[in-house]
Structures are given as structure tokens and as C-alpha cells.
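Protein chains: 2
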Amino acid sequence: MIKKSNKVVLLLSGGLDSAVVLSICKKLGYEVIAITFDYNQRHKVELNCAKWQADNFKCLSHRIFKLDFFGGSSLTDNIDVPKNENIKNIDNGIPNTYVPSRNIIFLSFASGYAEYKNIDKIFLGVNAVDYSGYPDCRKEFIDGFEKLINFSTKKGLCNKKFKIETPLINLKKKDIIQIGFKNGVDFSKTSSCYDPSKEKICRRCDACLLRKKGFDEAGIEDPLWRK
Amino acid sequence: MIKKSNKVVLLLSGGLDSAVVLSICKKLGYEVIAITFDYNQRHKVELNCAKWQADNFKCLSHRIFKLDFFGGSSLTDNIDVPKNENIKNIDNGIPNTYVPSRNIIFLSFASGYAEYKNIDKIFLGVNAVDYSGYPDCRKEFIDGFEKLINFSTKKGLCNKKFKIETPLINLKKKDIIQIGFKNGVDFSKTSSCYDPSKEKICRRCDACLLRKKGFDEAGIEDPLWRK
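As given, the protein sequences belong to chains A and B, one line each in that order. The opening residue of the first sequence carries number 70 in the working numbering; numbering runs sequentially from there. The opening residue of the second sequence carries number 70 in the working numbering; numbering runs sequentially from there.
I should point out that these hints are in silico values taken from the structure, not numbers from a laboratory.
Where chains are identical, the list cannot tell them apart; a pair therefore holds if satisfied intra-copy or between any two copies.
When the alpha-carbon atoms are kept at most 35 Å apart in a straight line, the in silico DSBU-like pairs for lysine-lysine are as follows:
#1 Lys120 with Lys186
#2 Lys267 with Lys186
#3 Lys229 with Lys152
#4 Lys96 with Lys76
Construct the entire structure; sequences and hints are all you get.
Following this line, the structure appears as C-alpha cells:
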């Protein structure tokens, strides 16, 4: 009998969510092939966090792909990241931290890499509850993408279907933090802030505020806010 | 009244088909923003052809994006490109020149770039008649992709829908060559061969054979075969 592969590809950003997904993959007994993208993001500190997490959770391999990215977002260009004193402000439409086509590019790359490595499962940490309102973080997008690659790739057509796994998609940030805490994620080595300076978080962007709210509700102290 | 933009994004590979699409775009009066990918393809000669065509047809801009690509194909890795003495051999399944997820990565990139530039139309030269059997050249893929980005991007959700234009998809190679000929495409500055050496075509790969068949049927002499 051929042993079923237990290797998976994981999109590891260096953020909190994907670090928790990595811990979940390890709990489930998967061997993890992690990939990260250097797309000229201004929060490059997340690349070091991704490396640290991949090493700490003993990923089988970790590769950082350099993408000659075009921009179009306050996360990549010289545009001010919106700052909110109040968490209630963040639900108004799609903010300028939205990066055009980011998740579809990353997932397309991940599925090509998975096909190359003969791997079926791709994990990513998208979340559609406590998030910044990006349309490519929703379940409809993930389902549509999975369907699309399964009839447009050699692998998908050969009945070795891809499965896109999004274990966090319907969880609140609080729950994600509690799962990570149980699984031993070191949150001091995760990056969320959209606008860090000298590795210090801004404490006012959507990502900082969502993170703070999550830790507060989880009753856990965030090592990054303590600093 | 706001003048409707007549700018389009074109995926320009340097191959024959995308050069013909470029000539069609110009005939239709579009201003063309061309993008090309350097993905470690062994037929890098096509990048020079892309530059030449973009310049010749006066594209508004032409950008070559360097992608840190993973491989998985005889077009990128040290794997023999299949050679056929007989054109009839090439219909047997998907050949090893297939590059995992290539078109979905390129189209995702193109749509992100189009969103960044506030452009609705994306042209590409896929063809599902005289082609190598790649699943990501078929109409089902293009339609699925268009649907997907229109609900997973800010642009698509704001009722400025993307339209993916594939004017060659149902044409025979012969017809594509005849259109290009009428539109003044210089075929000597297009690259098709999957396995060129020192800029000489191999004359035996699928791409060479499909090209030869097309020119023969069109009754036009191919400047590359004459050499």
C-alpha cells in the first residue's frame, strides 16, 4: 500500500494568524512546507517572524519567494496607513491597506509549488470575522479558487484534487489567539502592525487594534503590546 | 462627460500569439500597457522579442516582472523538452512543457496590475485549438478566472468589472498567422520554440511543429524557418 503523503504547503506570512495555522498543522501531524513572499511590503519585519516560526515549528522547508510587485496599496507604497483611535471605525468598506490581487497571486503561486512538489493540501490563515474587510479573505473566494485550479491544472485534472484548508476562516480573533496559546505559539515572534517603525508597532492601525481586541477578549497578555 | 479609458493591459510573452494580440489591440485603437514575465524560462530569447514588439507597436509602457519561480517544467528545469517528428504525436495528454499554475499566476498578476492602474480590460493570447494541451488555455479557465476576480477584488466589487479578452481562443494557428500578417506583425521577432539554442529554433518541439503547420496552412513563409 502506498502511504498517503502527509506533506502540506502553508502560506506563512509572519503574522499571528498564519503562525497559529502552522501550530495547527503540526498538531494534526503534517509535515509543513512553508512559503513566504517578499513583495516589497513595508512591514518587512514579518519576514523574520516567518523564518523564526518556520524554524521553531520545524517546517520541512521554508522558502521566501521574492516577487517584483507593482504596489497599489499603503502596505507597499508611500501612502499613509489609516489610523483609528476607535476599533468601531474599521468596518467602513475596503481600506487602502488592501493589496490588489494579493491572495490570488499568493494562492496561485502556492498551488503551482504544491503541484511541483506533488502535494494536495494548501493551508492559509485567512479570516473573515475579525479582519480588515479584504474581499479575498472570504470563503466564496477560497471555494472559487479551489474549483478553478482543480480544472485548470494537470494535478486537478488527474483526480489528485487540491484542497485549500482555511481553519481560521470563521473564528474570532480571540479564538485564534486561544488556540495559538494552547499550541505554544510564541506571539512575540509574530507581526501584525501595518506600519511598524524600527520594529515598534504603531498601536493605531486596523491590524494593531484587531490584535489588541483579540488578546483582551482572550484574557491573554500580548507580548508586543507590553513592550 | 468622463471619457472612457481606452487603456488595456496585455500579457505579452514574446511569442507569436501575443504579438498578434498586440496588433489586434492597436487596430482596435487601444493604448496598450504590456507586461512580460521573466520566470527563469529557458527560452529567454522571448523576452527580447517581447521588448521588440512592445516598442514596434508603441505600447504606452512595457514592464518585465521578474518572478522567483519554482520550476516543475521542462521549460524551466533541466528536463528534456519532448521532440516529435510527427505533429500527430502532440495530442496525447498534457506534455512536460506544462508549467504548473503559470497562467493563473500571470493573470492574477495582470489583474492586480490592472486594478492598480485602474484598467478594466486584460488581453492575452491563449488559444485552445492549435495548442499544446495546457488546461489553463481553455475558455472554461478564462471564464472561471474572470468570475473569481470580479468578486475578490475591490475593483470587481465596485462595479468596475474586469473583462478578460482572448481574441485568439477559438482560432486555428493558420488564422492567427493570417491576422498577424495583415496587421503587420514582424514574425521574425517572435519566439515559439520551447528549446532554442543560441537563438536557433529546434524545429522538433510541439511549439515549432504547430508553428510550421500554421504557416504552411496559411500559405505564408515563416522567417524563422527560412534561416
